[in-house]
Amino acid sequence: MKHSRKVASGPWPRLQRAWDIRAAFNFIGGGTGTGLLVMAFLGALDGRAWFIPAFAGMAFISFGLLMVLLEIGKPWRALNVFHHPQTSWMTREGVVALPLFACGGAALGLNLLGMSGIAMFFLAVTTLCALGFLYCQARILRAARGIPTWREITLTPYILLSGPTEGTSLFAAFAVWAYGGLVWVLPLAIVLIAARAAAWAYYRNGLEKRGAPEESLEVLDQMAPGFYLVGHALPVLLFIAALADAPGVPWLVSLGGLIAALAGWQAKRVLITRAARTQGIAIPRTPVRGRGQSHPGARPGWINR
Amino acid sequence: MTKYAMVVDLRRCVGCQTCTAACKLANATPPGVMWRRVVDVETGTFPNVQRVFVPTSCQHCDNPPCVAACPSEATKKRADGIVTQDYEMCIGCGYCITACPYEARFKVEDVDFAYGDEPMRHEAEKYNDDMNGVVQKCTFCVDTIDEGIAKGLTPGVDPDATPACVNSCIANALTFGDLDDPDSNVSKKLRDNQHFRMHEDEGTGSNMYYLWDKGEIRL
Ligand code: SF4
Ligand code: SF4
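Sequences listed follow chains A and B, in order.
Residue numbering for the first sequence follows this note's numbering, beginning at 475 and increasing consecutively.
Residue numbering for the second sequence follows this note's numbering, beginning at 856 and increasing consecutively.
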């Protein structure tokens, strides 16, 4: 017998088990895929061949959604996901995915047929849909009100920045081989990586302010040194070295791009599968029994009680 | 209008888990799934510690985050306040589990019974294949309520129209009734006692009230 969660015996926050690594893959695929589509479009504006990054972007998003399909209990009822656009960000994510795939398919197909003008138009629409898709993903987490580390409002800018950062970093690794580099890609990647680090710090600070389960914070803090130093400082240094024409530029850029993308993926894995604790039980007062008196209540396992 | 709510008197609950057992019997929930549970909370620091038993389940919130999140409309709020679950609509995405601030929802992946492969009598009677692979939670014993009302009974007053947990409580710590009726037992208890709702700051509008002292509200 497998249950997605076991009953708590105590009042403490505990790790959610409703969503596992497959759900994390959806956020990884959605974010990176969106980033790659944006970069494919920007590359196209610069007159570069964009089929491969656009195809990779679509593949990332498809992979994420496939993982979700494998996670849900009744995959053959998947169409029911479209029933609640009024309030459900999961429905909205599904709704946006429809034109995303239709236009993305059209863009890739028309590009193969050599109709580059109209293909570009579809690529632009696909990119807009992908940004909408990413926004829905950020809001899905915010609406998960049972998980303090997800509902935290400062997670939204992080999710919105992380996807483009992952996509741009991977695109830089690709562009350096495919186009021999693009002058604007590395500076853009550096800015995004720095912004992502700042967004993470802002998120962590928001959690501190509004309170969160101690063990969630511990997990995030354990990750932080590697996340900042290896996942952010190192790729920025590698990109700066590449910009300064250090020896082995393509390798420096590839390594930096891959590391920056991996750092974003790792953070999402940790967010979904390890830092996602429930809020547990909270009582503001203890009851008055007999001739006793009421005492301050408790919120076990929390900071900012 | 009618708005069903549960009042839990924390002064009376002794943590015996009879309501938990009654719920498991009434709803034949599989092992590991407890629509109703009683959590043991310790407060204070040694040697000044207190122990509080907190019965909890789905709170049938006024603004249920689970309903807002659900992409399939499998979970809905009725006009009488009860939050329902449609096992035939649910896709088992588990989003509602993460949306619920009260840990009230459970996804069952596979068939399982309390004692191995063979169901006990009550499990066999209640077995519903549609409940596998989807999410389930406390229903306030909605079928009992509906059947009771159809017979002219009053939920919260007549046991045949009242949730099993409330009927079973050995300490009379649980009360069920209509919050919109000023003369209902729940309305009277809330008028005469100080109370709180859990995670009130989340704005869910929980319909499970905890009494902690007599007198007017002065938290
Ligand atoms: S307690 Fe949880 S499951 Fe019940 S109505 Fe509120 S949010 Fe939904
Ligand atoms: S698991 Fe079922 S009830 Fe819960 S959000 Fe998904 S479809 Fe809705």
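The set of hints was computed from the structure by calculation and includes no laboratory data.
C-beta: ideal position from N, C-alpha, C; glycine also.
Each hint should be verified, as a subset may be incorrect.
[Claimed, not checked] Straight-line C-alpha distance at most 25 Å; calculated DSS-like pairs for lysine-lysine:
1. A:LYS548 / B:LYS932
2. B:LYS931 / B:LYS981
3. A:LYS548 / B:LYS981
4. B:LYS931 / A:LYS548
[Claimed, not checked] Derived, one-sided and incomplete: chain B residues facing chain A with beta-carbon distance under 8 Å:
5. VAL894
6. GLU928
7. GLY947
8. VAL989
9. ALA1019
task = With a cut-off of 25 Å on the C-alpha distance, tell me whether A:LYS548 and B:LYS932 pass.
result = Distance ~22 Å between A:LYS548 and B:LYS932 Cα, so the pair holds.
inquiry  = For a C-alpha distance cap of 25 Å, please report whether A:LYS548 and B:LYS981 respect it.
reply    = holds (21 Å)
task = Against chain A, run the beta carbon of B:GLU928 and see if the smallest gap drops under 8 Å.
result = With a minimum Cβ separation of about 5 Å from chain A (threshold 8 Å), the hint on B:GLU928 holds.
message = Would the hint linking B:LYS931 and A:LYS548 be met if the CA-CA limit is 25 Å?
response = holds (19 Å)
message = Can you verify the interface hint for B:ALA1019: is its Cβ closer than 8 Å to any Cβ in chain A?
response = violated (18 Å)
Supplied contact hint for B:VAL989, tested at 8 Å Cβ to chain A = holds (5 Å)
task = Could you check if B:GLY947 really has its C-beta closer than 8 Å to a C-beta on chain A?
result = holds (2 Å)
task = Could you check if B:VAL894 really has its C-beta closer than 8 Å to a C-beta on chain A?
result = The hint holds - B:VAL894 has a Cβ within 8 Å of chain A, the shortest such distance being about 5 Å.
ask   = Has the given pair, B:LYS931 with B:LYS981, been kept, meaning a C-alpha gap of at most 25 Å?
value = Since the Cα atoms of B:LYS931 and B:LYS981 sit roughly 22 Å apart, the hinted pair holds (cutoff 25 Å).
When each numbered hint is compared with the structure, a violation occurs for hint 9 only.
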